[in-house]
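Since the structure of chain Y is already known, use the hints to place chain P on it.
So the sequences go chain by chain: Y and P. Residues 1 to 552, numbered by our numbering, are exactly what the first sequence covers, in order. Residues 1 to 552, numbered by our numbering, are exactly what the second sequence covers, in order.
Bear in mind the hints are in silico, worked out from the structure with no lab data behind them. Each residue gets a CB set at the ideal place from its N, CA and C atoms; glycine is no exception. Worth double-checking, as some hints may not be accurate.
What the hints assert, rightly or not - Which residues of chain Y face chain P? A few of them, derived with a C-beta cut under 8 Å, are: (1) 144; (2) 239; (3) 537.
As the list claims (entries may be wrong) - Each computed BS3-like pair below joins lysine-lysine, with the alpha-carbon atoms no more than 30 Å apart: (4) P:497 / Y:242; (5) P:380 / Y:400; (6) Y:404 / P:380; (7) Y:400 / P:377; (8) Y:243 / P:498; (9) P:355 / P:377; (10) Y:493 / P:243; (11) Y:377 / P:355; (12) P:355 / Y:148; (13) P:14 / Y:242; (14) P:242 / Y:242.
The chain contents come next:
There are 2 protein chains.
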Amino acid sequence: MNNEFSPFHNERSKYQPRLPKALQGQVQIQPVSGSAVQIDAEIQKLFPTTTGLETVKLVSNDSSTAPAPGEPITVGVVLSGGPAPGGHNAIAGLFDALKKINPANRLLGFLNGPIGVIQGDHVEITPELVDQYRNTGGFDMIASGRDKIESDEDIERCTRALSMLGASALVVIGGDDSNTNAAVLAEKFKARNAGVQVIGLPKTIDGDMRNDIIETSFGFDTAAKTYAGLVANVARDAKSAKKYTHIIKLMGRAASHVALEVGLQVRPNLTIISEEVEQRGWTLNQVVEQIVDVVVRRSEAGKNYGVIVIPEGLLEFLSDFKVLLQELSILLRDSEEILNAYSSDEDRRQFINMKLLSESARVYATLPDSIQHALLKPDKHGNIPVSQIETDYLLMDLVKLRLKELRLEGKYKGQFAPLHHFFGYEGRCVAPSNFDAEYCYALGYSAAYLIQGGLTGYTVFGQNMLAPTEEWQMGGIPVTSMLNLELRKGKMKPVIKKALVELEGKPFKKFAAERDNWVVNDAYRFVGPIQYYGPPELADARTITLRLERGE
Amino acid sequence: MNNEFSPFHNERSKYQPRLPKALQGQVQIQPVSGSAVQIDAEIQKLFPTTTGLETVKLVSNDSSTAPAPGEPITVGVVLSGGPAPGGHNAIAGLFDALKKINPANRLLGFLNGPIGVIQGDHVEITPELVDQYRNTGGFDMIASGRDKIESDEDIERCTRALSMLGASALVVIGGDDSNTNAAVLAEKFKARNAGVQVIGLPKTIDGDMRNDIIETSFGFDTAAKTYAGLVANVARDAKSAKKYTHIIKLMGRAASHVALEVGLQVRPNLTIISEEVEQRGWTLNQVVEQIVDVVVRRSEAGKNYGVIVIPEGLLEFLSDFKVLLQELSILLRDSEEILNAYSSDEDRRQFINMKLLSESARVYATLPDSIQHALLKPDKHGNIPVSQIETDYLLMDLVKLRLKELRLEGKYKGQFAPLHHFFGYEGRCVAPSNFDAEYCYALGYSAAYLIQGGLTGYTVFGQNMLAPTEEWQMGGIPVTSMLNLELRKGKMKPVIKKALVELEGKPFKKFAAERDNWVVNDAYRFVGPIQYYGPPELADARTITLRLERGE
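Isolated chain Y, as found in the complex (with noise of 0.2 Å):
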């Protein structure tokens, strides 16, 4: 009873990925030819030396004889970003793969994310430190950070450092931002011929770093299953205890993958797809009327009982809000030093409410006096905390007021009792399903041969990923290939696009397609919990929206 380790995390740890057959034996990189797709004349300035590139396959290259290892290399590695599962398999991998080119090359970790690139803080990755991490949840093997290196200063310090530390590459886990990131890195090391490469994984819960040669972003598969099972234990107490709406909050600002997949997976009452919202120009009124009436026809058929699902990023979605805030954040600016003359919060929220115009007047008026005031106190940045406004709980007043008001005009009956939940957290660092760990496991596998190959400024990829892990094909994407400028803080900045859901989609369409049966029924799938062991059904299973977006 005194194991340093969980009975999980010693079975876990026995867990051997399998690799895709192309990755088993002696590996040789094969240039798609006439990949290279047409750079955007801005983004080929930014990035002369590493455009016009093509994507790369890793094909088994079983003829030929083991090549003798060439020089022992020293590769760096660094989490960027939140946690997403799979992320030690994925520094397994890659050391494993650099071990099997030549047992003298060396991979280092740098600490507490890019900040450990510029400050050279590492750690040598050694057997012993990456069995302890096989298979398990968490970043916690070098951590993770959210700085980014953009200044030239901050380029010339993790110049200095690599080289200090004999590294001839780096391999960055992160999502649009860091695999950006990394484009920048390459070129900028390319440029002043540093003689570092970079590589970039896709990773991201939020399953939005994903296009046409990339199938899936890493982590989203158990994120999403997390979620899922939490979402089908709660609507299984719905059901079970029959008082409670549930209001549940998915992590996922920008993208609204995970809710989509829940969606499909458990079929809530409803779900909310913030580009849905968006694209539609569904104001917040027309949010709170969809749950008022999903509330309504339920207590109709005598279900005072229900599962709402909505996205974490839902507020900026929302046509009315999303011009309140542009309003807000303009007089906010241009206000500072009447703002800062008044002496009461209650005297600031009046100045701003006789200078929004009638429309955002009406939505300002809508929110709670809390809320109000929160909007006034933007960060030091000058970004108004709209993460901290909790839309579930705003929605939910909203929709007692509706209520309230139906009710008077006799036409609600029912009970309302809406409980909270926030499933975010808890989703980032479960132990990666068999999926994301074989996933992961082949992406640092390959961006060890990327490495061999001498490329710079690829991300890697898996493809045919529906098929078993086999014959899953990786290979590499030019970073930037996959950029495009938008404008960031007012100046045009070049980025990965993410991946939206698309209403176009199959996932989207299907969902749409059934979403109604599920409004009064309960139509609720039970998922469970993450299986690792058992039936191939469970415990191999891909996304729904995998495998509706890659076939089925």
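Just chain P, lined up with the frame of chain Y:
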């Protein structure tokens, strides 16, 4: 992709719970001679016909040939109180055993809890119905409710309903209150020769319905494992992102078994146990100081993150808060008229403040305004709405204040960013772990034999539960032998004493011996989600509480 049921549901429905050997063939009831305990005279008066009974065990009787099935009987089953994992398996076990005893036996499920018995609302449990729910979580097969069958009129109506349906037995699946209620019903039915036996099953995720005879209540295993998995995920996130202090509230009002089990499994930096708080007479301030101490010590070790677990019911165990609540309760009752005469909440608050004794006034003044106001609004039964106080937010507010003070004094230089979680509803309706699936199945199965044996007023138990399922000993304990008289709302009532965490018990002692090592070290154990398949170390694990209490 159009399956009505999830793959998890379909796979789990194939699971066949193993049965204890004693239940596999012919079963006979064996009284444990000398087991009848001394019963309080007052209890005897209340239960003249159902006291003085002996504990019984179910043993195999394979020497005898199968007895000719007697007259077929009809049994009712009802779910009472909050859901707990395994309820459906209890019904399935009851159903299967009744059919084994006599294929013509019938099982009726009363709908929505005890009110269903009173009103005679029921469904017949058919093979098709029960097969849909085998090994599933939730209470939704027949739903649960919190009504009690108390008044003479209620009992009269139950008697009539059961008689109309031809039911000669009722199985009550519930916690301490519901089993007490089962004893009352058994007595009343016997006293009026209603010809209805009553058998209870020990259900509660809180783990507080147990004693020397009943080793554990069902649902505790699954719920505690679920919460431990989630807390471990959050701990891993804390250690990966290194910027948040997670304060996690766990379901459990009266007893802290769940928090203790999670503490032992996961080893958060601090786990507060209500029973210890109460026995040591800790005040609100003392608990705040403990949390502050953990935050400061970790910060000095460079760790501005952490995990703190508190039980939902903590507030009511704080010595000063208890006194405040008592004073408030009396004040609100005695000053109702004066309070109603005041026109503003603020006036009411000032009045109360003036009337409180100085120590309580100090505690009251510590509370945020919103809580001060909330406490002055008793519910329709005159109860102060303590459960509406968000204990975790209250504690963090006070911790923040204290840290600010320490910072000014130069004694704290860290960062403190708390994040809140409440885990409860996501653990009550999980599919039962193999342990709970088999325990519940055996409980229901045993109930059928207690009924066949003509017993009434018994709660079913399992023993030897660290051993494999086949070696479990099932039996029945007279409910009256568990009853005590306690003051409830001014009246002496017979109740089953809740099993609280014992500070001298093995689980708490182990926790107390080790917890100092968990404060600054990140000794978190990552326990993973419940596994239903795979290595027995995971799939058939027992809780640490059970293992420590029963021998290891």
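task = Mind checking the alpha carbons of residue 497 of chain P and residue 242 of chain Y for me, to see if they're no more than 30 Å apart?
result = With a Cα-Cα distance of about 28 Å, the restraint between residue 497 of chain P and residue 242 of chain Y holds, given a limit of 30 Å.
task = Given the hint that residue 493 of chain Y pairs with residue 243 of chain P, test it: the Cα-Cα distance must not exceed 30 Å.
result = holds (28 Å)
query = If you draw a straight line from the CA of residue 400 of chain Y to the CA of residue 377 of chain P, is it 30 Å or shorter?
reply = This hinted pair holds, its Cα atoms lying about 20 Å apart.
inquiry  = Run the distance test for residue 242 of chain P versus residue 242 of chain Y: straight-line Cα separation, threshold 30 Å.
reply    = violated (39 Å)
ask   = Is residue 355 of chain P within 30 Å of residue 148 of chain Y, Cα to Cα?
value = violated (58 Å)
Residue hint residue 537 of chain Y, partner chain P, criterion CB-CB below 8 Å = Status holds, d = 5 Å.
query = Does residue 144 of chain Y meet its interface restraint, that is, does its C-beta lie within less than 8 Å of any C-beta in chain P?
reply = At about 6 Å, which falls below the 8 Å cut-off, the nearest Cβ of chain P leaves the hint on residue 144 of chain Y intact, so it holds.
message = For residue 355 of chain P and residue 377 of chain P, compute the direct alpha-carbon distance and say whether it is at most 30 Å.
response = holds (16 Å)
task = Quickly compare the C-alpha distance for residue 380 of chain P and residue 400 of chain Y to 30 Å and report which way the hint goes.
result = Given that 30 Å is the threshold and the Cα spacing comes to 21 Å, the pair holds.
Restraint status (C-alpha distance of residue 243 of chain Y to residue 498 of chain P at most 30 Å) = holds (26 Å)
Hint consistency between residue 404 of chain Y and residue 380 of chain P [alpha-carbon to alpha-carbon, up to 30 Å] = Judged against 30 Å, a Cα distance of about 20 Å means the pair holds.
request  = Mind checking the alpha carbons of residue 377 of chain Y and residue 355 of chain P for me, to see if they're no more than 30 Å apart?
outcome  = violated (38 Å)
The structure shown violates the earlier hints numbered 11, 12, 14.
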